[in-house]
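Engineer: Sequence:
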Amino acid sequence: PFSRPGLKPDSRRISRLSPGLSPGPLVAISAMADVPLLVESPGPDNELHARQEVGTPRSTSGGSSPSRCRHQAGFDILRGLLRQPSSEVASWVFEQVASLSHADVDVEILPVFQLAGALNDVPMEAKQALVLNAIAGFGNMPSPRRAEAVRLALRTADVLKQANTSELWRHLPTGWKRDDKLVNSPKIVNCKVVDASRPAALYLPSHSSWCGTPSRDDTAGSELKAGHCRTRVEAGEPDPAAPRLVENLLRLLEEARLSEMAKEDADAVVREARVQGARLMQPRQLTDVVPELQLQERQQLTEALVEARVVPEEQRGVLEEVLRPGGYADKLSATLQTLGTLLEYAWVLIVLPLVEVLFALSMGSLPCGIPLMPWLRVDSVFAVAFTCAVYCTAYALAPVYHKLREDPAGAVQRFQMLPEDTELKVTLEAAVPGVGLSTVRTAGIGTLTCACLVLAGAFWAAVGVLELLAAMFVGCSGVLLSTGMLLVALRFGIAILFLHSLFRCMDEAQRHRSRRPLLGGPLSELYEESAPGGGSSRRAPLPRPPPSKPRDFI
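What the sequence shown shows, in UniProt numbering, is residues 1 to 554, in sequence order.
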């Protein structure tokens, strides 16, 4: 890689390519093109970008061959991809893989084919950068786009099961251990049992059209195609796109020459991809994708995660509970949407008390047979105090909220792996690292203050009901009566909503506390190091009675 005269590797600038490292350029100077490529270290979104070094391009001698021209085009494509945001890289990969299924496409003219031809000649750092950008970009894509990518991945995995497994392994890096369970297991294809371990020809169903990935500008047609595809899948019919997709994928693997790649290099890329992929398989990512999927597609996603050993077989039931309609993914999605809506309209919480104060100060001249105005003024004081308490509590809880939003699965894992008798301070440090006990104590005091104000407001609303009943018989201004009824309904509504949210939080905390760690196995290993003692204190999943003291919830 350091073939240019005068360039020497700087060991201080070279570090291992992995997300989560401290900032610092990771240099991989490539001799793959006329201008060397510099791969920078991951940024805040685990993106890796490329820049060109200023210098005189190397002179080339000799004529140009079609292979060299194609590889040069692949180098240019790779350089351009490494300069793009990760979301653009993921979208590009998605579109290229989707185009492999089209019946009228020539795979050799696709940009992904040109990139595959040059991939084996680029440095390992560039390969890792491309893979990590594509995976990290999945989390930055819009929700509908991510759902389409998941559908395409599930469809591709299902089609590959119909292919000759020996033919696929022939194009993979030398030295990889075959999965005998996959290689030797017979496959049911078009109601016929096919022995995958036998060196037979690739299974190609006799269909010429397929349920392709819908284009962006064909909304009506895409919905029709998607419904037709789901009908065919539910009916158990083979995918008519299978022959073209498998044929193009095998041709792409052959052009990439992965079998010539060193096993150590291939393992390094796969290892980084698995780590980055496991980071994406969190409720924060699933909440946007799962609601877009149909029931059949959710079942396929469950099977794919279990077969890929991302989730162990014994955790299949937990995964199904997470992905089922109305499960944890849908609940978390609804919760995050509700919180986002509340944050968007938080200004209403300030406007309402101010409007009530203005009413209390300006309607003193209206006729009323009973002293309803003093009740209205006291209620406005409760409203202002409650608003201040809510904003102070939200300010104290902001670090906790951001930590949980960034890594909800990790917080649940660390919380579940602690013993039952763990101290409150240790529990908080493990579940929400980086947030001190003083912050949580301040938030707890604010929450308790809000609860007291809500209960006091509900009691004062009950007094207001008696005042309004008396005003109806004695006689009072209609504006005062309407305003009083509205405020009484608002106070009772806030009290009911607060109590409902409190008991829902207690119920969900108890459910997570009394079950096995959510999505254990490879995913939980990512978080075990964050637990005290390196995860050695993992407790047995024993049921526990519901909390009977306020201390249990706090």
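It is worth saying that the hints were derived from the structure and are not from the lab. Check the hints yourself; a few may be wrong.
[Claimed, not checked] Pairwise CB distance ranges, derived in the manner of DEER restraints:
id	residue 1	residue 2	range
1	L342	M363	47 to 53 Å
2	Q296	P85	49 to 55 Å
3	V465	G317	35 to 41 Å
4	Q96	T341	32 to 38 Å
5	V426	P291	54 to 60 Å
6	R441	S501	18 to 24 Å
7	D76	D106	18 to 24 Å
We treat Cβ as the ideally placed atom computed from N, Cα and C, and that holds for glycine.
Engineer: Work down the list of hints and note, for each, if the structure agrees.
Structural biologist: Status of the hints after comparison with the structure:
| no. | hint | in the structure |
| --- | --- | --- |
| 1 | L342 <-> M363: 47 to 53 Å | 30 Å, violated |
| 2 | Q296 <-> P85: 49 to 55 Å | 33 Å, violated |
| 3 | V465 <-> G317: 35 to 41 Å | 49 Å, violated |
| 4 | Q96 <-> T341: 32 to 38 Å | 37 Å, holds |
| 5 | V426 <-> P291: 54 to 60 Å | 35 Å, violated |
| 6 | R441 <-> S501: 18 to 24 Å | 21 Å, holds |
| 7 | D76 <-> D106: 18 to 24 Å | 20 Å, holds |
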